[in-house]
Structures are given as C-alpha cells and as structure tokens.
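The listed protein sequences correspond, in order, to chains V and D. Numbered according to our numbering, the first sequence spans residues 155 to 403. Numbered according to our numbering, the second sequence spans residues -15 to 234.
Heads up, some of the hints might be wrong.
Pairwise CB distance ranges (calculated) [to be verified]:
id : chain 1 : residue 1 : chain 2 : residue 2 : range
1  : V       : 252       : D       : 100       : 54 to 60 Å
2  : V       : 305       : D       : 11        : 30 to 36 Å
3  : V       : 171       : D       : 216       : 39 to 45 Å
Below, computed lysine to any residue pairings styled on SDA-like, alpha-carbon distance capped at 20 Å [said to hold, decoys possible]:
id : chain 1 : residue 1 : chain 2 : residue 2
4  : V       : 328       : D       : 180
5  : D       : 230       : V       : 237
6  : V       : 328       : D       : 234
7  : D       : 230       : V       : 304
8  : D       : 230       : V       : 240
9  : D       : 230       : V       : 238
10 : D       : 230       : V       : 306
11 : V       : 239       : D       : 233
12 : V       : 328       : D       : 187
13 : V       : 328       : D       : 207
14 : V       : 241       : D       : 211
15 : D       : 230       : V       : 234
16 : V       : 328       : D       : 208
17 : V       : 241       : D       : 205
18 : D       : 230       : V       : 236
19 : D       : 230       : V       : 256
20 : D       : 230       : V       : 308
21 : V       : 328       : D       : 214
22 : V       : 328       : D       : 215
23 : V       : 328       : D       : 177
24 : V       : 166       : V       : 386
25 : D       : 230       : V       : 305
26 : V       : 239       : D       : 234
27 : D       : 230       : V       : 328
28 : V       : 239       : V       : 304
29 : V       : 328       : D       : 205
These are computed hints drawn from the structure, not numbers from a lab. Positions of the beta carbon are idealized from the N, C-alpha and C atoms, including for glycine.
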Amino acid sequence: MWQWFFRLGSPKWFYEMSGKWLPWLFVLMTALLSVGIVWALLYVPQDYQQGDTIRIMYVHVPVASISLACFPLMAVAGIITLVWKMKLADMVAKCAAPIGAWFTAVALATGAIWGQPIWGTWWAWDARLTSMLIQFFLLIGVIALRSAIESTDAAAKACALLSIVGAINVPIIKYSVEWWNTLHQPASNFSMAEDSPMGPEIWVPLVIMIFAVYCFFVISLILSTRNEILERERRSQWVVDLIADERTN
Amino acid sequence: MSEASKTSHSSLFKKELGALGVDQEQVSTFAAFSATLRRDLLIALKRRNDLLNPLMFFLIVVSLFPLGVSSDPQELTRIAAGAVWVSALLASMLSLDNLFRADYEDGSLEQLLLSPQPLYFMVLAKNISHWLISGLPVVLLAPLLAYMLYLPADAYWTLVLTLLLGTPVLSLFGAIGVALTVGLGSRGLILAVIVLPLTVPVLIIGAKAVTDASLGLPLGMHFSLMGALLALSLSLAPLASAAALKISVN
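In isolation and in its complexed conformation, chain D is listed as follows (with noise of 0.2 Å):
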C-alpha cells in the first residue's frame, strides 16, 4: 500500500467512526494501552492451554539434560545454570508465535496499525502482557526445575532475579522476528533462526551470573549489564518491531 492511499484509507476510517458518534483522537494513549494489555490477558486467560505449554515445554526441555548427560549430581551442578537458562530460552522462543498470529489472521493487527495512538506503546503493551502469560510463570517455576538439577541453593535467587530481568528481553527480541515473519506460511523454523542469535548476549549473561553466584563471587557487573540491555530493548525493540509490522501486514 502506498503512503497516499494508507493515510486515505485511515481518514476514512475516522470518518466511519465520527459517523457513529466516536471521536477517535479523544482515547488517550494509555486508556489504549492498557485496553489492549486487558484485552490480551482475557484471552489469554480464556485459552488456558496457551498458558499451559510454555511451561510444560520449559518442564520436558529441563528434565532432558539430566536424561542425555548424567544423573550425576556433581556433574548436574556444573551445567544447572546453563541447562534452565537455555530452556527458559527455547520456551520463550515457542510461545512467541502467538504474539501477533492471532491478531493478524482475524484482521485486528490492522485495526491496531490504523489506529492514532503511536504504534509503539500498543506493541509494548502487547509485548507485557505476553511476557506476562509465557514469561513470568517461567520465573516463578525455574527455581523448582533448579532444584532437579541439583543448582547450589546460593544461586538461587540471582536465577530468579536474573530470569525476570532477561526474559522480558527475550520477548522483545523475539517480538522483532514475529513481526517480520508473521505473513509468512511457515514461520517456526525461520523465526528461530532470525531470533536465536540475537539473544546470544541474554543467554551469556544470565547464566554466568547464575555460575558465579553458585561459586560466592560478586554479582553487581552482571545484574548492571542484564539492566543496561533491559533498558536498551524496551526502548528500542517495540519501534523495531512496529516498523517491521508496517512492513508485513501491507
């Protein structure tokens, strides 16, 4: 679609609507923001099942590392860290498929596209409420999971500390590919090639935090670094992945 007939296309939309007596411009951004945070957890709530497999596909990837290295508790303890961190990883990387799937097939991608309110806080928001379902019940299982592998109950804490810091940034990561490949007919590989990389430095951090908390030493550099690319990808992720939901739903 071309500029000329995407602004035309909107301001018909707004007509249709001031026609109906709803004057567009006068919901504020964060009355959009936080009905579309609302909407996304109600249906995610109504479709337990969705809930449901991140954290079962988290429990199964956990409990392989145990079955193909060793059921040595000393050996367990060395990759414990390691071992949640990269499971935590390929769950996140899973449920990301229905951040904008859903939305996209039925056509309320595009309604979110049209609308004024800047298309930055309306991914952020759909990027909480998806941390939110996949994400955060990840973090609050991950430390039974470390138990299993036998993680020194020092470390405990940073690897919960560090999973709610960093999985936020798998999901905006992620949300980059999904928005670029949400058009496409196969997605599931291609998504995972594109986003894997990019959360190399997620992965790195975290679970050496987690190692070196189990070994005593000092943690601030770790925890400041996970901070710093917090920070970086909630501010830049969201309008990459806007841009790139321009460019797929056309």
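One chain only, chain V, in its complex shape (with noise of 0.2 Å):
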C-alpha cells in the first residue's frame, strides 16, 4: 500500500512523470483561463454597488486562496522530511517558499487595487491585509533561513521545522489579528442555495478562475522542482544520460 508513496519520493520517477503531466496541466490551464477571464472581464454583470471594479475579485480571490493553502502544503512536505527523509518533499518546500511568498505578494498588490477606489485607501491595517502581511515576513523568514544553510541537508531539515513552527502559528497569528482590528467584509460563502448572496452568473466564473491559478500554481511547482531536481541529482547517472540525451537532440 505504501508503495506508491515511496515511489513518489524518488525524484527521477517524479520527474519522468511530471513531464507527461505537464503538458495536460497547460492545455487544462489554458482552457480554464481563457474562459474565465472572457467570462469574468466581458460577461460578468456589473455590481450594483462597485461597478467594474468587481472584476479584479476573479483576479485578487483566486490568488489569495491560494497563497492560504502554501504554508499548510509546506508544513506536510516539512513532516515528510523530517519522518521519512524523502528529499522530493524537501525539494516542493523549497520551491513552494518563493512562488507563495510571489502570490501573497500579488494578493496584497491586487487588494491595494481593489481597495483604492473602494475603501479610497491603497492600504489599511485590516484584520486579513495584516495576517497576509504577516504571513509574507513568515515565508520570507523560511526562504532567509534556507540561504542562510549552507549544507543541504541540514537546511531542509531546519526549513522542514520552521515551517511547521509557522503553520502551528499561521492560525493563531490569524485569530489574534482579526480580534485586534476588523474592516473586510466577510467572506462570502459559495454555497448554491438560493438565498446565496452571489448569484451563480458571478460565482461560477469565479470558481473557473480558482481552477485555472490551481493549475499555474501546481505547474510552476513542478517546473521549479524539476530545475531542482536537475540541480541536486546532477552527479546520478540517470541525469548524466538525460543531459547527454538532450545534447545529441
């Protein structure tokens, strides 16, 4: 049963199989995005309240949500490490650092957008703004700490620690922001009762525009881990035959 979990781990078998993935992930990501975004910028009715403003949300929620779920996938590949030893683990964490330090980056930049001609203010020290800008420092603390290592080993195992010291306290950090200060409105719940308060002609575009950054997300994870791949198991045969492989082409 554990089989295809350590099979996983091995980076040479991770590597021929993410690139039968990828090329399905980019049709999948093209499809979902170009539909998404026609929908979202040119169909999408105007809101009653903010009018074309609305659209930056199937630009600002997708990404957002998924900079959420960076610190949780990093403290489960930093469980790996530290239980099984699994390099592969080691080497999403490390690519996973800088891609969800990029998109909290681009969450906070497109809320200061949304927020400019909402709120008449690029920037506010609101309940979630914060524990986003919180959550920034905790991941460039992560990726610091990793440069900071010298061996490889060690690092991985330091980072692996430091990431679930941080998913311990992403919550907390969480909670006691949003006791300290509250402006943002309150996440609104996508379940399709009637009385839902988006109707599916808004809600569904959104839900294809999170699919589509899903994708990119795990696509540029996996062009990242396999340029790390490539990097760390430079000295095995397998990677020697590869390169020599790619030359002759």
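Reassemble the complex: the two chains are provided individually, in unrelated frames, and hints are given to aid placement.
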C-alpha cells in the first residue's frame, strides 16, 4: 500500500511522470484561464455598488486563496522530510516558498488596487490584510533561513521545522489579528442555495478562475521542482544520460 | 551524523564515564534540570554586562519614542502601551543571542545533547534562566518607563502582569529561532526575520490589554488568551527548540 508513496519520493520517477503531466496541465490551464478571463471581464454583470471594479475579484480571490494553501503544503512537506527523510518533499518545500511569497505579494497588490476605489485607500491595517502581510514575513523568514544554511541536508531539516512551527502559528496570528481589528468584508459563502448572496452568474466564473490559478500554481511548482531535481541529482547517472540525450538531439 | 554513529558515540561516552566511576543514568532529570539552571544563572551573574545590556537597550528604545513622535503628554499616553511592548519585544530579541551561543562555541551544548535526560527539560532550564536574566528585569523596569510615557495609572498592574505572562512566551518562541541559527556565521538579522513574525500575537494581546486597562474596559479575555499562549508555548516550544538544536549541532 505504501509502495506508491515511496515511489513518489524518488526524484527520477517524479521527473519522468511530471514530464508527462505537464502538457495536460498546460492545456487544462489555458482552457480554464481563457474561458474564465473572457467570462469575468466581458460577461459578468456589473455590481450594483462596485461597478466594473468587482472584476478584479476574479484575480484577487483565486491568488489569495492559493497563497493561504502554501503554508500547510510546506508544513506537510516538512513533516514528510523529517519523518521519512524524503528528498523530493524537501525539494517541493524549497520551491513552494518563493512561489507562495509571490502569490502573497500579488494578493496584497491586487487587494490594494481593489481597495483604492472601494475603501478610498491603498492600504488599511485591516485584519485580513495584516495577517496576509505577516504570512508574507513568515515565508520570507523560511527563504532567508534556507539561503543562510550551507549544507543542503541541514537546511532541509531546519526549514521543515520552521515551516511546521509557522503553520501552527498561522491560525493563532490570524485569530489574534482578527480580534485586533476588522474592516474587511466577511467572506461570502459559495453555497449554491438560492438565498446565496452571490448569483451563479458571478460565482461560476470565479470557481473557474480559482481552478485555473490552481493549475498555474501546480505548473509553476512542478517546473521549479524539476529544475531543483536536476541541480541536486546532477551527479547521478540518469541525469547525466538525460543531458547527453538532450545534447545529441 | 547518522543515527547509528550517534548511538555508538553516546554509548562510548557512557562507557568512559563508567570507567571514571560515574553512572550517568543515576542523575535524575530533576537534578540535571536544576544543575543546568544553576549553572546558567551563575555564568550570567559573573558577566554583569550581559545582565545590563538588555535593560539599557530597553531604556534607550523607549526614550526614542518621545524623540521620534512628540513630547506632548496626550500623544504619548496614546502610544505608551504599544511603545513599551515593542521595546520589550526588541530587548528580548537582542538578548536571545546569548541563549545557546557560548555553549555552542565551547562544546557544552553537544554534551547537553548527549546527556540521557530528556532534552525538553534541559532546554526548558536554559529558557527559564534566560528569562530570569533578561526578561524579568525588563518587566520590573517597565512601570518606570511607562511613567515616563504618561501611561494612565490604572494600567500599571496590567502592564506588569501582561509582561510577566508575555515575556516568557517571547523567550520560548525566540529559542526556536536561536536553536535553528546557532551554527551560522551571521545570525543577528536572520534571527529577527524568523522570530519577529511569530511574536505578533503576544504583542497584539499585550498592547491591547494595556490600552484597554487605561480605558477601564474588562480584561478577563486578554489574560486568558495570554495565559493560553504561555501554556501552549511552555509545552511545545522547548520540543521544537530541542529538535532544532539536534539539526543545528550535527
């Protein structure tokens, strides 16, 4: 039963399989993204209060929701690194940190662009903005620790531990910041019930965009992890063969 | 170091001690705990500068706030709670560097890791002594500095009590960061980058409690939350620090 799990941990196997997945993911992302963007920008009705400004939601909400998933992902990879000493998990964690930091930064930037016309300010010390900012700092901390430790093995374990500590703290920070101050509108629920505040003509393109941005995140993570695999395994025979093949073609 | 070589190393160590007539297993955890605590306190008392520096730092940072903001009593009253809390946070950050550094350099940290007693209690002892040396003096000096910032008199007890509950949490969280970076060449800034975001809840709860106390609002929830943070970090943070030390020292 555990065989697939340990096979997944082999960088070579992952490199080969992900090479097969990537074209499909690209096709899926392109399809979702083109449908989602056209629908969101051209066909979604204007909001009765926010007008066309509401359309930035279709970038902001997907990016923000994925940036929140990044810390749990790194913590799970960290547990796998510490418990099973699986190299691949650490490679994924290493690549997820800068991508997560970028997503957090983009979520903050699009939030600022949305906030300017609606709240009349680029930045407010509101609960969700602040906890997003602190999550950004935590990710920067993990990246800084990784680059400060020279030994790959020690860096892997140290970052795994810091990610786990960070993941335990993220809910505490979020709760305390929310308790501290609140201005952000409460999250709308996506229930399909008829009394839902969002009609289907608004949430269907949003769901499509969320899946599209998820695809984009997974593709970025896979591409980045593949580079990391090649760099770390550059002395192993299969990478040497792979590069020799590329050269002859 | 691999697992196998670690165990053989530690059994070799025990054999040597056995040859000297010392049975290490006989030292109870409590004895080892109090010996570590006593040793660290003794070292600190012999190095007076290490005792004074965090206090001086605290004093200087607090006095920067009136210089940077305004000397107007009303404005200072409004920022007093936050200013004292931020300064206490930075002072505890500055003093963290002493926590494992000297022990790492002279090798006694490795002996601590090899000892048969649970590492949790050893790390806890070091944390407690560190707090007694650098945290407690800051707590005791805080009312004087609060007076200089015109904090309302109603809030003094809240300030001292929240600092009393909160500064150990800062030490305990900080110890994880120190343990992760103890082997690195340049640690000062990276330590702050790692640890400061983790201390946000303590700062929020502490400063809000003091502000609410000066406004005469009820405080039960603030103290419960701060107590919960202390209980959580007392039980979990030394475990994380111990794991981090094992990673850093190998």
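Between the alpha carbons of residue 328 of chain V and residue 215 of chain D, is the straight-line distance 20 Å or under? holds (19 Å)
Run the distance test for residue 230 of chain D versus residue 240 of chain V: straight-line Cα separation, threshold 20 Å. Holds: residue 230 of chain D and residue 240 of chain V sit about 18 Å apart, inside 20 Å.
Check whether the Cα positions of residue 230 of chain D and residue 256 of chain V lie no farther apart than 20 Å. violated (32 Å)
Holds or violated: residue 328 of chain V to residue 177 of chain D, with C-alpha atoms at most 20 Å apart: holds (19 Å)
Can you confirm whether the C-alpha distance between residue 230 of chain D and residue 237 of chain V stays at or below 20 Å? The hint holds at about 14 Å.
When you check the alpha-carbon spacing of residue 230 of chain D and residue 236 of chain V, does it fall within 20 Å? Between residue 230 of chain D and residue 236 of chain V the Cα gap is close to 12 Å, so the pair holds against 20 Å.
Sort out whether residue 207 of chain D lies within 20 Å of residue 328 of chain V, counting only the CA atoms. holds (18 Å)
Take the C-beta atom of residue 305 of chain V and the C-beta atom of residue 11 of chain D, compute their distance, and say whether it sits inside 30 to 36 Å. About 33 Å separates the Cβ atoms of residue 305 of chain V and residue 11 of chain D, which means 30 to 36 Å holds.
Taking 20 Å as the top limit, are the C-alpha atoms of residue 230 of chain D and residue 306 of chain V close enough? With a Cα-Cα distance of about 16 Å, the restraint between residue 230 of chain D and residue 306 of chain V holds, given a limit of 20 Å.
Does the alpha-carbon distance linking residue 230 of chain D and residue 308 of chain V stay inside the 20 Å limit? With Cα atoms ~10 Å apart, residue 230 of chain D and residue 308 of chain V stay inside 20 Å; holds.
Keeping to a limit of 20 Å between CA atoms, is the pair of residue 230 of chain D and residue 234 of chain V held or broken? holds (18 Å)
Check the hint pairing residue 239 of chain V with residue 234 of chain D against an upper bound of 20 Å on the C-alpha distance. holds (16 Å)
Going through the hint list in order, the structure does not satisfy hints 1, 6, 14, 17, 19, 27.
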